[in-house]
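*Asks:* Read off the chains here:
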Amino acid sequence: MLKENFLLGQYFPGNSPAHRLDARSKLIISLLYMAALFTANDWWGYLVVTLIFVAVLAFSRVPISLLWKGLRIIVIFVVITVILNSLMIPGERVLWQWKALTVTYEGLMQGFKLGLRLLLLVAFASLLTLVTKPLDLTDGLERLLSPLEKIKVPTHEIAMIMSIALRFIPTILDEMERIMLAQRARGAVFGGKKLKEKLSQIVPLMVPLFVSSFRRADDLAQAMEARCYFGGAGRTHWRRSKWQNRDTVALILFVVLWLGLLAWRLL
Amino acid sequence: MQIEFKGADYTYQSPTISSLALTNIDFSVKKGEFVAFIGPSGSGKSTLAMLLAGLFLPTVGEVLLNGEKAKKNSVFPGVGIVFQYPEQQLFGETVFEEIAFSAKNHGMSGAELENTVYDALRVVGLPLDFATRSPFGLSGGEKRRVAIASVLSGSREAMIFDEPTAGVDLSGQRWLRELAIRENSLGKTIFWVSHNMEEVAKLASRVIVLNDGQIAFDGDPQQLFSDGEKVAACGLIMPKGAEFLQKIKAQGANIAAAAVTLEGAAIEAAAWLRGDDRA
Amino acid sequence: MIKIENISHRYADSDRKALSGLSLNIEKGRFLAIIGPNGSGKSTFIRHLNGLFLPNEGKVTVDGLDTADEKNLRPIREKVAFVFQNPDNQIVASSVEEDIAFGPENLGLAPAEIDRRVEAALAACNLMALRDKPPYLLSGGEKQRLAIAGACTMDFDYLVLDEPTSMLDPLLRHQVINLICQLHETRGCAIVFVTNIMEEALLADDVLILRDGQFFAYGPPPEVFADRLILEEIGLGLPEISYLSSLLAEAGYPSLRGAVSVDELVNKTMEVRPCK
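Protein chains in written order, with my numbering: chain A, 614 to 880; chain B, 301 to 579; chain C, 3 to 278.
Because the hints were derived from the structure by calculation, they are not lab data. Here a beta-carbon is modelled for each residue, glycine too, at the ideal position from N, C-alpha and C. Keep in mind that a hint or two might mislead.
Stated by the list, open to error - To give a feel for the contact side, a few chain C residues facing chain B, derived at Cβ under 7 Å:
no., residue
1, Asn-40
2, Ser-168
3, Leu-174
4, Gly-239
5, Ile-243
6, Leu-249
7, Ala-253
8, Val-264
9, Met-272
10, Val-274
From just these sequences and the hints, can you work out the full model?
*Replies:* Here is the structure:
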């Protein structure tokens, strides 16, 4: 089932400390974590950000098996990153050579560093959506961005677009499975090795998906209008979370951690 | 050509749940038969259709086409399946490309391919010059015909129709049924999955009832539908024509109450009203 | 009352008319079914009832409010609730209760009031147990009940449904139909129901038949379904018993025409030839 391998947009219900934080603090914390990922520059730094991730995972009480399943695809990208970097980055200590291809120690290390960053980045983002209800997430984003309305940024529309996108990800994945089944029934084979094969396989999948998505958008617009949607003006929000002490504490904690890493790097 | 199910089970597996959809399915179908599959919701009809096509492999037991199992990741050769809303799978730049897709994937090319595509167009009653048009510029009904033609081009042996009349109006339904009957008369084996008793009573010479993942009946539709108890035991509702005749019989009328379609019931009832009692 | 006065509607980029010269009054509390072959304009027609489409000619008023006037659209859409054919393409939020709250949020109601309306809608549509579920875990029937629950929050007088069951599992359609009938009885609202499933049209007080965007027939189900030949000519089927009833009438027993249920037809038949 495709849905198990693609976690973005899926909420894992629960009542952990991570679940109970306000979406706004979680969003800011995610940004701080990503900043931390790119601030960390050596093995001590990477150890710290990895430990932070593990701590957050513990606080969210999400089963590791669930997270792992959703990240398997990313692991492929990580491996590719490691390999490409190993081959591309010039360095002094050569580990292995064959014709024009050279793997250097520096390249390998660089590859690992980048690969780790990528993995932690996606893992943290997935964790964010797992412990935050989609509505809270987009609502939190809207509230954080609301000062931008003064310079005519359509924050409500942005939040609404994201909210609808998140709601439809699992639905569209289901549809993709159905289309794949129908095309397989016509003899299509998905999952060939060569790139050229993979490209030609995409068309029977993507074209019907796009066509139905346009239709979906049209239908949804009508449904929203029929329910008196006229844009953001005058809308109220049924449930809005409140910022609490624990949010301030968590935020300060992450700010301190990031500043610490920054200091470590600069000194 | 022969399709055999030998003690086949199918279980849907996901990390969180595992549900047994089909248990101990045992039957075989010869070339040229017209078999209908009916059953209440959740009875496993659609799963059965997937196994028939070779799209799913049984978790226990075997499903064989001419003695061979389906290969993983590819369907049974020569077996096509028409899903609900088949027009949703269109993607080609031209109608020709769309219809050729199935045949090409099965290894056809050149003149043989061209003939297959034009044949399919003829069977669905579309003019041959449609071949150069874009499938997306066609009307709803025309799109459906193209989608069905595209399945036809890959199904020399058998065709499976999985609840094909969903969302289709009366003339569309009639057209589909006639298509199935015509293909059957040319020797193709037809599998028709439906919930519609009337439709099944009209079309099939053999009906297999699925209830709760198991086969509850395998035989003549006439035998099934004229027996109220059997119908109820299978979790089905009587076709209205048969229900009407049986209620008249219950009031004392001397009729056989054998007909199962509406037309058949009208003929039987009219005969009785005229006074032609069953001897 | 919804008054449709002589409306016509042209397809975009074409001179072809989707609807021509249609007039109808839909009174509060009535149950109207609209049927017609594909392309007859049914879907286009009902979208005029809440101002989603505007007529090129003629006028539509809902309790006196003209749909052509933009400032009327909000009150009109509160009175006229709409349920669409595709269950998925009308659900906006990521959980049942949040989606039900969408309408009241659009109206700018206070959270306490939204609370009240959401609870009432969940109860009315039997969705309490599913309130936290995301849409992708709902069955087609549950999604349609969710759409109806969303309508329930809007204090509607008219419930318009565009083939609400055609994309649902045929043997589970009754769940949605039952809910619609229940609402009709308990709230006394009007139901306008487009369908391709003739058996469903039997539930209505009146049936409107459209053909090529024009009025073809109108009347209570036994009248409209009395003669199969008239309907087959325009490509429409009949509910099964009406069909049988018509066949028997053609076989020489006119008193059997117009039955809509098995028992009714049985009684009529026994009157022709009673058994001791």
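*Asks:* For every hint, state whether the structure bears it out.
*Replies:* Now the hints, each set against the structure:
Checking Asn-40(C) against chain B by beta carbon gives a least distance of about 5 Å; that is within 7 Å, so the hint holds. With a cut of 7 Å, the hint placing Ser-168(C) at the interface with chain B holds, because the nearest CB-to-CB distance is about 5 Å. With 7 Å as the threshold, the beta carbon of Leu-174(C) comes within range of chain B, its nearest partner Cβ sitting at about 6 Å, so the hint holds. Because the closest C-beta pair between Gly-239(C) and chain B is about 4 Å apart, less than 7 Å, the hint holds.
Given the 7 Å rule on beta carbons, the hint for Ile-243(C) holds: about 6 Å separates it from the nearest Cβ of chain B. Interface hint status for Leu-249(C): upheld, as the beta-carbon distance to the closest one in chain B is roughly 4 Å, under 7 Å. Given hint, Ala-253(C) at the interface with chain B, holds; its Cβ is 4 Å from that chain's nearest Cβ, closer than 7 Å. Hint on Val-264(C) holds. Least Cβ distance to chain B is approximately 5 Å, under the 7 Å limit.
Because the beta carbon of Met-272(C) sits about 6 Å from the nearest beta carbon in chain B, less than 7 Å, this interface hint is met. With a cut of 7 Å, the hint placing Val-274(C) at the interface with chain B holds, because the nearest CB-to-CB distance is about 6 Å.
Figure legend: structure checked against the earlier numbered hints; every hint is met.
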